[in-house]
Structure formats: C-alpha cells, structure tokens
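These protein sequences, in sequence, are chains A and B.
Per full-length UniProt numbering: the first sequence ends with 462, consecutive numbering throughout.
Per full-length UniProt numbering: the second sequence ends with 279, consecutive numbering throughout.
Don't take each hint at face value.
[Claimed, not checked] Mimicking DSSO-like on lysine-lysine, the simulated pairs with C-alpha atoms at most 27 Å apart in a straight line are:
1) K272/A to K355/A
2) K266/B to K455/A
3) K355/A to K213/B
4) K145/B to K120/B
5) K355/A to K120/B
6) K455/A to K126/B
7) K355/A to K166/B
8) K266/B to K355/A
9) K266/B to K56/B
10) K456/A to K166/B
[Stated by the list, open to error] To give an idea of the chain A side of the interface with chain B (calculated C-beta under 10 Å), a few residues:
11) K355
12) R361
13) N402
14) L404
15) E405
I should point out that these hints are in silico values taken from the structure, not numbers from a laboratory.
Quick caveat, the model's predicted, so the values are computed rather than measured.
Backbone N, C-alpha and C fix where the C-beta goes; we use that ideal spot for every residue, glycine too.
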Amino acid sequence: MFWTYAALLLLVFVTANVYGRFRAMQVAGHQLSALHSRPSYHGGYLAILAALPAFVLLIAWAVVEPRLLDTMVISAKAEIVEGLSKAELQAFLRDARAIAFGGIVAFSDAGKEQAAEVFSSLAQTSFFLKTTLIIALVAGGLWYGNRTITPAMRARHFVERTVMGLLILCSAVAIFTTIGIVLSLIFESLMFFRQIPILDFVFGTHWSPQSAFEGAGAEHGEANTEIFGAIPLLVGTMLITAIAIFVAAPVGLLSAIYLSDYASTPVRAIAKPVLEILAGIPTVVYGFFAALTVAPFIRGWGESIGLSVSSESALAAGLVMGIMIIPFVSSLSDDVINAVPQSLRDGSAGLGATKSETIRRVVLPAALPGIVSALILAISRAIGETMIVVMAAGLAANITVNPLEAVTTVTVQIVTLLVGDQEFDSAKTLAAFALGLLLFCITLALNIFALRVVKKYREQYD
Amino acid sequence: MALEMTTDTESAMNTMMSAPPAVSAEGETLKMRGRDVKVFYGDKQALHGVDLDVRKNQVTALIGPSGCGKSTFLRCLNRMNDTIDICRVQGDILLDNDDVYDPRIDVVELRARVGMVFQKPNPFPKSIFENVAYGPRIHGLAQGKSDLEDIVASSLQRAGLFEEVKDRLDEPGTGLSGGQQQRLCIARAIAVSPEVILMDEPCSALDPIATAKVEELIDELRQNYTIVIVTHSMQQAARVSQRTAFFHLGNLVEEGLTNDIFTNPKDQRTQDYITGRFG
Chain A
1 MFWTYAALLL LVFVTANVYG RFRAMQVAGH QLSALHSRPS YHGGYLAILA ALPAFVLLIA
61 WAVVEPRLLD TMVISAKAEI VEGLSKAELQ AFLRDARAIA FGGIVAFSDA GKEQAAEVFS
121 SLAQTSFFLK TTLIIALVAG GLWYGNRTIT PAMRARHFVE RTVMGLLILC SAVAIFTTIG
181 IVLSLIFESL MFFRQIPILD FVFGTHWSPQ SAFEGAGAEH GEANTEIFGA IPLLVGTMLI
241 TAIAIFVAAP VGLLSAIYLS DYASTPVRAI AKPVLEILAG IPTVVYGFFA ALTVAPFIRG
301 WGESIGLSVS SESALAAGLV MGIMIIPFVS SLSDDVINAV PQSLRDGSAG LGATKSETIR
361 RVVLPAALPG IVSALILAIS RAIGETMIVV MAAGLAANIT VNPLEAVTTV TVQIVTLLVG
421 DQEFDSAKTL AAFALGLLLF CITLALNIFA LRVVKKYREQ YD
Chain B
1 MALEMTTDTE SAMNTMMSAP PAVSAEGETL KMRGRDVKVF YGDKQALHGV DLDVRKNQVT
61 ALIGPSGCGK STFLRCLNRM NDTIDICRVQ GDILLDNDDV YDPRIDVVEL RARVGMVFQK
121 PNPFPKSIFE NVAYGPRIHG LAQGKSDLED IVASSLQRAG LFEEVKDRLD EPGTGLSGGQ
181 QQRLCIARAI AVSPEVILMD EPCSALDPIA TAKVEELIDE LRQNYTIVIV THSMQQAARV
241 SQRTAFFHLG NLVEEGLTND IFTNPKDQRT QDYITGRFG
C-alpha cells in the first residue's frame, strides 16, 4: 500500500515537473528572458509543492499508524485486555491483527475476533482519511503552484532551498546514527558498570569472563567482579599494535618517500596502485595468512634456534597486521609528501643540497604533521582491527610484552563474548559493550589528537 | 691533456681554475660564459643556440616576453634544469674555466658557487635562523655554533634584513611579509658564499615598496657577487642592471650595455619590445 502511494506520488512529481515548465513558458509568452528563473526551476517548484507535502504525510502515517491503531484498539476493548501482561498483550494484538489483515494466527478466541473487527474498521477509516488528505495536499499544491507561477516568481531560490534541506537531512541521518550508536554503547556499558565497578574493569588485571558464573549457585549468583579486568586485553592490543606499527611505519614511510621523490613516472604509475591493492585485500584473508602461514613459520623458526614460540603468537598477528596497514601509512604519507611545494625542494636544491638532504631536512619536517596523523590513523585502524587477531592472536589473556607468547585483544574478546547464545543482560554480555566503549574512547582520542596535530601545523607553508 | 684525463676531480679542477680568467674586449672579467646553449623539453626546443657572457661584479638582466627562454637559460647556469626529467641541455656553459655540465663537476658544489633566488619567496617552514643556517650546515661551512651565528647574522645584514628580524630569529620564516621573505631567501643564498647569484623574477610577487628594497639590495650585492636576474619589468632591468640581454622565441636577439639596449637598440625586435609593441 505504501509503495503504491509512493509510486503515484512519483508520477505526480514527474507530471507536475513537465507541466510547470510548460506553464512557465506560457506565462512568459514563450520568451525565456522574461522569466526570473529558468523553466526547469518552475517545473521543480510545482513538482515539489505537489508531491513533497503528500510524501511527508505518507511517511509520517506509515510510522504513526500501527501504534495509533494499537492504542485505539486497547482503549476500545479495555475490558478484554485488562489484566494481561506486556508480553500477553503483544501476543493478543499480534493475533488480532493477523485475523483482521491476514497472517498466521496462533489461536483465536472471541476477544481477539472483536479486537480484529475494531482493527479492520479503524484501518478502513485510516485508509480513507489518508487517501483524502493526500489527494487534498496534491491538489492544493498544484493549485497554489499553478497560481503562483509568474515570470517574476523566484522558483530557483525555492528549489535550491529545498535541495539544501534535503542535504541537511542526509547529513543529519549520518550524525544521528553515530550519536545513537554511541548512546547505546554508553547505556549498555552503564548497565555493566552497575554490576561490575568501573575501576575493577579499567584497572583489573584478571580477565576470564567465561568463568563468571561457575561453581555453586551459578544460575542466580552474583557476578564475580574480580574477573573483568581489562588490563590484559589492553596490554595485548598495545603489544600487537606496537608490532604492527613497527613493521608498517618504516616500510610505509620509506616507500612513500621513494614513490614521491625518487620513482620515475612509469614506476610510480604501477607501484602506487599495486600498493593500494594491499588495502583492498579482505582482512579475513590476512587472517588466515597469519594463522596458517606466518604463525607456523615463526614457530618453526623459533624452534630451530631454540626458542619456545606459542603457536598463536602476538608476533604473527602483529606482523600481518603491520603488512595490512602499510598502504594506509604509505598512501597517506605519499599524499602529504607530494603536497610539500616543489618550490621548497627547488629552494633547497638551489643552495646545493642533495636530494636526500632536501628530503631529510626540508621535505620531511614540512610533511611531519601529515605523516604523524597518517601514523595515528594507522594505529587506530590497527587497534580496531578484528579478523586478523581473532584468527591469529589467540584467547589467552596474558599480561606480557613477549611477542612470542599468545595474547588476546579487546576486539577478540568482544567477538568471543558475543558469539553463541547469550542472555542480553548478563555481566558477561554487557562486558562486550563496555569493551566496545573502551575501544571507541581510545580510537576517538587518537583521531582527535591526529586532527589537532594536522590542524596546528597545516598552514605552515603555502 | 694528461691532467684532464685524471680521475682525481680535485686536482683536475685546480688545474683548470688556475688558468687565467677569460676577459671581454673591454678587459672585464667574464664570470660565466654560455656557448651555443640549446635546451630541449622532450621534443620541444626551448633555446636555439645561445651565446651569452656574464661579467664579474655586474648585474646582467635577461628580458623578453613570456616563453622566450630567459628563465630556461638562467636555470642552465646552475643546472636547476636537472630536476626536470625531460629536459636536455647541449652546448657549453663555463663558470670561470670549468664546464658546469662536465661529469666531473659535482652539482652540489656548483650550486654552492652559483646560488639561486626564486620567483616566489620560498622560505623553509623553519625558524628565520634555521633558514639562513641551512646552507652553511649542509656544506659544513661553520666551525661550531658561534661561527654559524656569525654567518647567519652577517648574511642577514648583507640582505638588509638583520635590523628587522634580530629580535625574533626563532620565529618561523614563513611568518614574515612577502618582501621580508624574499630578502630572507637572498640571505639564505648569500650564506653559502656563492660567487654568482641567479634571480628568477625575484620581485614579481612583491609590492612596489618591497620591490624597491630588493632592487637596492641587488645593487649593493654587486660589490661582492655576480648577479644574473630575469625580469619582466623593463624599468627594473634599466634600474638595476649594467648589461641587458633580450631573448625572443628561444633566441638571444641582442646583448649589450643596459643603457644602449634601452636607448639605442640595434635590432628591430628589441626596439618593438622595449617600446611596448608586443610582449
């Protein structure tokens, strides 16, 4: 039903558009110069007036109608639904709707039949009301628009303001979605912190939520607050991120310098896209590359020189993650190095500096803020990366800086906590939200820091 | 001949440098000499065999309409064209008696002897002090910190900037005004004690007052340095230079005393250009 109306309104939109153009030419006596706005804007003006209010009404109706009907049915049949619990009431309404509009009915009784009658009569009224209102809005819009199309009418301003409104609406959707996600993280985390003190979580050194409810009274017992310490996860995350940056920073930066200042144009034309392909490889592919190729290799190599290497080592995950973020570092650094003006390079060369002196003493210092922010973005990417560490880093929450041991990360634990059947209000599940919030805060802080660094130094040269 | 074949650059160059300097018919020392200089950008020829001498302790102005090859010629003098991949240079360019395109010549050393100031002021995003200290540092010219400070101060002094910036040497060079930035770039070039300073339209991004200061400075610098300046302003050429060369379509049309070029040009094209009939 909704889509039929939407299609009809689209038809109205197109027709009004065509008619608006025609009408504009007519009132201008077929002289374009007499019009303030081009005929297409008059078309848009009439189309917006005719279709937009009706379309907004249609959407609002679709959102509000079901709830309104429920409320009206409940108040009409108060004597039947009285004393039902929330879940029972919902089941009652579901069945009544199914009887009225077709669908699978769990079981029917007289009360539901009565409610269904109310439903169908209300729905009929609603349908007529909606249709009448939409027709009235379309007709009113067409009438008003048609009457106001004159040569002096500022249709362009009207259309452009409407388009701007649309743009604002779209950006608002993105912003409110972000806010919504953050709020949900915060509220779920607050529920977690009601069970586990926040200090125990942030500064605790023991992490084993799987054992939270073991032992006697596990069913209804209080959650053990001592086992939700996030420190081992943070240490593991930092260790793997550090290894990754240790790999990616030199390789990425030096390849960026080669690409921007040394490579000939044909080499650059091939090498840069190839490097960027690295960024297009799905992380799950990196994951099994880490787990099945790199980890056994490191283990074998460690054994051959007499080291004991865990089969899921931080080193393997960190190395592969480092390879994954090389394109971030190199591509972003390449851009900022290229943005250093040629005049600075010429100035340095004109003083007798060699190419490497120019790069070390002029180009890199000038590009430093951009390089720093590239590195920080790469770090926050590495911290939030999940798939590689899930497959290669392991689950053991050790506090260690030995890269040959198994560690676990925040992201791995979130996955572990939420995989499988879970109650959504147990401390174990809620811990995932708290970890998510923690991760979000860390990456947000890093990103803000990176942005500030860039902003502070941006206009040093122009 | 045997000496020229040696692989020891130092001794070969000393030998060449000890040869008597070339002189003009009037007995003036010729600091740089271009002979049949041809420059190609890919397939396009930008200079068609230019012969031009630069006299010691004089200002030589290169004038001509846009695209005439005057900047290209200037950039050949310290091999700045090397940074352009598709650029090829033929012919001889001599600094004293050294061919600057000789493979034994180190381009780094050449550019220390033939400095350059660019069209748009291009101070490095460093402090004023560091901007001037840059050249002496990379060439190892200073014996310790106080020596470096002396070099920086005297370079700024000679560039006529010291009084304006002496209290804020630690502030970024990019924070100066356009004219100050250009004088900072000149100070930066002076700091490596070059013999020749090339200037590529050094005043085209400056206002008239800053231009007047830089022109004054160019006249003073002539005492110690040989200067080649490319300019679009004929008044500027007339004001600052002793000799003027007029380029047109990649050819050197006429070269002579600035006074003669502007009052009594021999070639019709020069006449047309300086009277504003084209360009």
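Now for the hints, and whether the structure bears them out:
| no. | hint | result |
| --- | --- | --- |
| 1 | K272/A to K355/A | holds (21 Å) |
| 2 | K266/B to K455/A | violated (58 Å) |
| 3 | K355/A to K213/B | violated (33 Å) |
| 4 | K145/B to K120/B | violated (30 Å) |
| 5 | K355/A to K120/B | holds (21 Å) |
| 6 | K455/A to K126/B | holds (17 Å) |
| 7 | K355/A to K166/B | violated (31 Å) |
| 8 | K266/B to K355/A | violated (44 Å) |
| 9 | K266/B to K56/B | holds (24 Å) |
| 10 | K456/A to K166/B | holds (26 Å) |
| 11 | K355 | holds (9 Å) |
| 12 | R361 | holds (7 Å) |
| 13 | N402 | violated (42 Å) |
| 14 | L404 | violated (43 Å) |
| 15 | E405 | violated (44 Å) |
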